[in-house]
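Asker: Construct all of the structure, not just a fragment, from the sequences and the given hints.
In the working numbering, the protein residues as written are 1 to 323.
Hints listed in this document are in silico derivations from the structure and should not be mistaken for laboratory results.
A quick note: this is a predicted structure, and the numbers were derived from the prediction, not measured.
Treat each hint with caution, since some may be false.
Simulated DEER-style distance windows between Cβ atoms [said to hold, decoys possible]:
1. Thr295 <-> Leu183: 26 to 32 Å
2. Asp214 <-> Gln292: 22 to 28 Å
3. Lys151 <-> Gln288: 19 to 25 Å
4. His142 <-> Thr177: 24 to 30 Å
5. Lys151 <-> Gln68: 46 to 52 Å
6. Ile123 <-> Gln288: 39 to 45 Å
7. Lys309 <-> Asn199: 33 to 39 Å
8. Ile123 <-> Glu163: 28 to 34 Å
9. Glu163 <-> Gln209: 24 to 30 Å
Straight-line C-alpha distance at most 30 Å; calculated BS3-like pairs for lysine-lysine [unchecked claim]:
10. Lys146 <-> Lys195
11. Lys207 <-> Lys195
12. Lys191 <-> Lys298
13. Lys146 <-> Lys298
14. Lys298 <-> Lys308
15. Lys309 <-> Lys146
16. Lys309 <-> Lys124
17. Lys151 <-> Lys130
18. Lys191 <-> Lys309
19. Lys130 <-> Lys146
20. Lys151 <-> Lys278
21. Lys178 <-> Lys191
22. Lys309 <-> Lys16
23. Lys130 <-> Lys298
24. Lys308 <-> Lys130
25. Lys278 <-> Lys298
Yeah, the Cβ is synthetic: ideal placement off N, Cα and C, and Gly gets one too.
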Amino acid sequence: MDNFSPADLKAILHSKRANIYYLEYCRVMQKDGRVLYLTEAKKENQYFNIPIANTTVLLLGNGTSITQAAVRMLAQAGVLIGFSGGGGTPLYMGNAIEWFTPQSEYRPTEYLQGWMSFWFDDIKRLDAAKQFQQARIEFLHHVWGKDRDLKLEGFTPNDSNIEAALQRFDERMVSATKPSDLLLTEAQLTKVLYKFAANVTNTSDFKRQHQSSDKANDFLNHGNYLAYGLAATTLWVLGIPHGFAVMHGKTRRGALVFDIADLIKDAIVLPWAFICAKENATEQEFRQQVLQAFTDHKALDFMFEQVKKVALQGHDETEGQSQ
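Answerer: Encoded structure:
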């Protein structure tokens, strides 16, 4: 372990890292300069390596424990650690996922300063929320128009109902005068997208319920929390606190994570939740599919790009190695 330094472990930019891990019923530990997780087997215990230099988020679910040495190495590598309940959803009777963010007094401040330069102005903060919503729709057009597998399943932005819904969303977004208007418009669009997804996958009687036990709702919950992991990582790397939301409410701790996760949820999580539910996929199969889609469509890159654009508000960016 003495052979590694934080600089060595953080050689890969966060926006280029490939892995998100969700672990259950195992022990995470440091051994011989590596971070491993240990699972119990009938005959012998099994160790599996975690490539921390190429890992963005580590979600620890039910039945997990982690050693102090492992946390230290993960912090050195800049890996975000989250504690959650089963399937990546919040702890039972909890109201938010808990994140451990590696701390450093040398975090870059340019993006935080840029964020603060507009955040206390209601009009500018609303404009930032509108920028994110516009980027969200552009990403949906990009993913649904490019992904061959989604096209084969019937997900296309060229559907007449989707085109009409997106047009209405754009018009109402432009005319919105407060965040609650945007939230209402977003809810209306999401309802249309759920209906469209249910129709193309022949999912009968679907109703969005966060506590539901049907697979489509379970996969939506699970996939959303994977998106939250990417969003939390983006904000941590850029040094922007999670509480400075632009849309989901200034009083909600961590609400900015929801704002940023929305950039990719409709385009990737929503369609794959319905497709995998139709195919009766396992939770692991769904998770692998969504994580692969995040990688294929460079979801984390897109998040970094949009957050930096809003933070700097048109000012020239000082190119660094923080992302």
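Asker: Between His142 and Thr177, does the C-beta distance stay in 24 to 30 Å?
Answerer: 29 Å, holds
Asker: Is the hinted pair Lys151 and Lys278 satisfied, with a Cα-Cα distance of at most 30 Å?
Answerer: Holds - the C-alpha atoms of Lys278 and Lys151 are around 16 Å apart, at most 30 Å.
Asker: Just to be sure I understand the hint, the distance between the Cβ atoms of Ile123 and Glu163 should be within 28 to 34 Å; is that true here?
Answerer: Hint holds: Cβ distance 30 Å, inside 28 to 34 Å.
Asker: Please verify whether Lys278 and Lys298 have alpha carbons no more than 30 Å apart.
Answerer: 26 Å, holds
Asker: For the range 19 to 25 Å, tell me whether the beta carbons of Lys151 and Gln288 fit it or not.
Answerer: 20 Å, holds
Asker: Given the proposed pairing of Lys309 with Lys124, does the C-alpha separation stay at or below 30 Å?
Answerer: 14 Å, holds
Asker: Assuming the hint says 39 to 45 Å, is it satisfied by the Cβ distance from Ile123 to Gln288 or not?
Answerer: Check passed, 43 Å falls within 39 to 45 Å.
Asker: Checking one constraint from the list: CA of Lys151 to CA of Lys130, max 30 Å. Satisfied?
Answerer: Measuring from Cα to Cα gives roughly 28 Å; hence the hint holds.
Asker: With a cut-off of 30 Å on the C-alpha distance, tell me whether Lys309 and Lys146 pass.
Answerer: Roughly 24 Å between the alpha carbons, so the hint for Lys309 and Lys146 holds.
Asker: Confirm or reject the claim that Asp214 and Gln292 have a C-beta distance inside 22 to 28 Å.
Answerer: 24 Å, holds
Asker: Is 46 to 52 Å right for how far apart the beta carbons of Lys151 and Gln68 are?
Answerer: About 48 Å separates the Cβ atoms of Lys151 and Gln68, which means 46 to 52 Å holds.
Asker: Verify the proposed pairing of Lys308 with Lys130, using a straight-line Cα cut of 30 Å.
Answerer: Holds, because 15 Å separates the two Cα atoms, which is no more than 30 Å.
In summary, the structure agrees with every hint in the numbered list given earlier.
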